[in-house]
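Colleague: Residue-level listing of the chains:
Protein chains: 2
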Amino acid sequence: MTTRRNFLKKVTATSVVLPLISTLEESCAQKQADRKLRVAFCGLGSYARRVADAMKDSPNCIVAGAISGTPSKLEEWAKKYNFSKENCYSYDTFDNIKNNPNIDAVYVTSTNALHHPHTLKAAKAGKHVICEKPMSVTVKEAEEMIAACKAANVKLLIGYRLHFEPFTRELIRMRASGELGQISFVNATMGFKIGDPNQWRLKKEHAGGGAMMDVGIYAINGARYATGEEPIWVAAQELKTDFEKFKEVDETITWQMGFPSGVVANCATTYNFNNFDRLYVAGNKDYYELYPAFGYGPLKAKTGKGEVNQPVVTHQTVQMTGMADCILNNTPHPNCDGEEGLKDMKIIEAIYQSIANNGAKVMIKY
Amino acid sequence: MTTRRNFLKKVTATSVVLPLISTLEESCAQKQADRKLRVAFCGLGSYARRVADAMKDSPNCIVAGAISGTPSKLEEWAKKYNFSKENCYSYDTFDNIKNNPNIDAVYVTSTNALHHPHTLKAAKAGKHVICEKPMSVTVKEAEEMIAACKAANVKLLIGYRLHFEPFTRELIRMRASGELGQISFVNATMGFKIGDPNQWRLKKEHAGGGAMMDVGIYAINGARYATGEEPIWVAAQELKTDFEKFKEVDETITWQMGFPSGVVANCATTYNFNNFDRLYVAGNKDYYELYPAFGYGPLKAKTGKGEVNQPVVTHQTVQMTGMADCILNNTPHPNCDGEEGLKDMKIIEAIYQSIANNGAKVMIKY
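Quick note, the sequences are listed as chains A and B, same order. Position 353 (the first sequence) corresponds to 353 in full-length UniProt numbering; numbering is contiguous. Position 242 (the second sequence) corresponds to 242 in full-length UniProt numbering; numbering is contiguous.
Chain A on its own, in the form it takes in the complex (with noise of 0.2 Å):
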């Protein structure tokens, strides 16, 4: 029977009550569960479009305003998402954030390149950050980007939106449960092939990389979270066959990646092709295989007694509300901080180092 008191408890646990924005008002439970996220987009590409019509969903967060070069862009959104004029900025006003009091946190849909300055100016503002991966382009920016906003004390997210998927989740836990046994290896793949051959993915000015960066941090990340370990050297080689195309950023790269318990992840990344999109876990006592396993859905799986069933979501909807309620109510993030990007920069970056050394080993620092 639920009885009021019995329903008030109810209502308590289920809405974590540690009020970031702790004004006497917001203080009661109720209001913090009705409080909403409000995310302003930086760079509106048509990844922040994806993103802001996902959130359309979220109970607990919407978009409320936009950063953007280029003005008619910003009109657009501001019309489709409804928001206030006053709450769209462009690169140059984009430090008077700082004196909007309804804009919450910004999401960093920027070029690669455009991650760090961009992080930057957010916390610097007193916003607290999502930004895409990979979080930066090079391991030291990555630091400065978690240098500033603890010094800011502003959340930093990066988004790793399957950490929110439930075919991603039943794979950690039941790694993590102990039902797979002990994990012995890996194969994580992610690639497609790229259209445009004028598109900034292209330009390392732009993306930092090619790939690697783009898409092969998925593979890095799933291999992860498949073991639960950091990699503790990795090795890598390259392959190139388009030199006009690819002349700036790589095209396809293989890499090994070893962990401390002995598990290796074999792993392959590629801008030239498609169907390139699985990780496959083994374990002692079962495996467990996502396949399509990074892309956007929906996702699928199976373990030595059959397909797994898991509800198909949205991602970026469930990583916005999971995003949402870590800011709001400070709540635990799965794995998807500043930190956790910042491995991923760090193996990626030993991993370009292995290519320029002719495939060597190269041992990681975290």
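Derived from the structure by calculation, the hints contain no laboratory data. Some clues are possibly wrong.
Each pair may be met inside one copy or between any two copies, as identical chains are not told apart.
Distance condition first, Cα-Cα at most 35 Å in a straight line; then the derived DSBU-like pairs of lysine-lysine [what the hints assert, rightly or not]: (1) K247 - K285; (2) K361 - K240; (3) K36 - K204; (4) K365 - K245; (5) K36 - K150; (6) K240 - K80; (7) K240 - K285; (8) K204 - K285.
Chain A is already provided as a structure; the job is to place chain B on it using the hints.
Modeller: What follows is chain B alone, placed relative to chain A:
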């Protein structure tokens, strides 16, 4: 309508009339078709038994003799497979097989390190040779085996059973016909958790190497038939977790092979875990996934269009039927002669060389 003339034409078309052992009596196509290849096994381990048992269902070959260091095994085999004790040899009397007109071929199933001396003995005795994989433990040995068989005018076939297996042949057919489009990537893995730590497979002296030599060769050969190309470089990485058990030979190796067209194959082999038997081929029109790909079957395959339908067969039966046909009737073999085995040996040597050079790319010369 099938007239007598048409019928004869059909018979002639299906049984290729190129008698190898051409006596006047045997020149008739019908007689040739009746003739069975009489095979003696050299080295009577469990795999020899598996092949010999499978031959019961082959229409064109019989178990006709054996060479072994263990008299009781010879007795057991002669009884079980119903051949004369005159067709039994010890390693000391092996050379006398040259005087035995009732044995056509020797299937070498001894330990890896003995493939070379046993093949040389069989060839010198004028017998055709079928040699289990790996054909030898060094490139030099493989070259000597090819030369010896050529000099003796006998055939040398390597026990690559999968070239006769329907799901594998369907992959080769689809790749060759262009149905998969341009091949861009191969992922090939084969391994298992090895048991008894005292077995010959873990002794360098007998096995020549570890998982790579024993089952990694499947992934090498698989990447070759998946692409229809020969790799021009390899890079390899070794991982060892049990230094006692794998004191003498390799435990887990990952490696990459680059092909002239730009295809890259990312491969792995192990003696340390199970569920590791897959060949994935990505083309720009379709993919082909064999999973399991290399074990004794039944194999399973799918493409983007769904499950692949092929008859499930005993691999060693179709292998021996095909190889007997090749030897008896000089029909073309499907990439399983000594030259093919030599290519795999060159790749294996390059893999060990890369490991010795801390993962550096090693070019392969054919």
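Colleague: State whether the alpha carbon distance between K36 and K150 is at most 35 Å within one copy, between copies, both, or neither.
Modeller: Close inside one copy (23 Å), not across copies (81 Å); limit 35 Å.
Colleague: Give the relationship of K361 and K240 under a CA distance limit of 35 Å: within one copy only, between copies only, both, or neither.
Modeller: The answer is both: 21 Å in one copy and 14 Å across copies each meet 35 Å.
Colleague: Regarding K365 and K245, is the shortest C-alpha distance of 35 Å or less found within a copy, between copies, in both, or in neither?
Modeller: Result: close both inside a copy and across copies, 33 Å intra and 30 Å inter.
Colleague: Go through the copies and call it for K204 and K285: within, between, both or neither, with a Cα cutoff of 35 Å.
Modeller: Between copies only: 30 Å across chains, 43 Å inside a chain, cut-off 35 Å.
Colleague: My question is about K36 and K204: at a cut-off of 35 Å on alpha-carbon distance, are they close within one copy, between copies, both, or neither?
Modeller: Intra 37 Å, inter 66 Å, cutoff 35 Å: neither.
Colleague: Can you give me the call for K247 and K285, within, between, both or neither, at a CA distance of at most 35 Å?
Modeller: So K247 and K285 pass the 35 Å test across copies only (26 Å; inside, 45 Å).
Colleague: Pop the pair K240 and K80 into one bin, within, between, both or neither, using alpha-carbon distances up to 35 Å.
Modeller: neither (42 Å within a copy, 57 Å between copies)
Colleague: When Cα atoms must be at most 35 Å apart, do K240 and K285 count as within-copy, between-copy, both, or neither?
Modeller: For K240 and K285, only the inter-copy Cα distance (21 Å) is at most 35 Å; the intra-copy one is 38 Å.
The structure is inconsistent with the numbered hints 3 and 6, although it conforms to all the rest.
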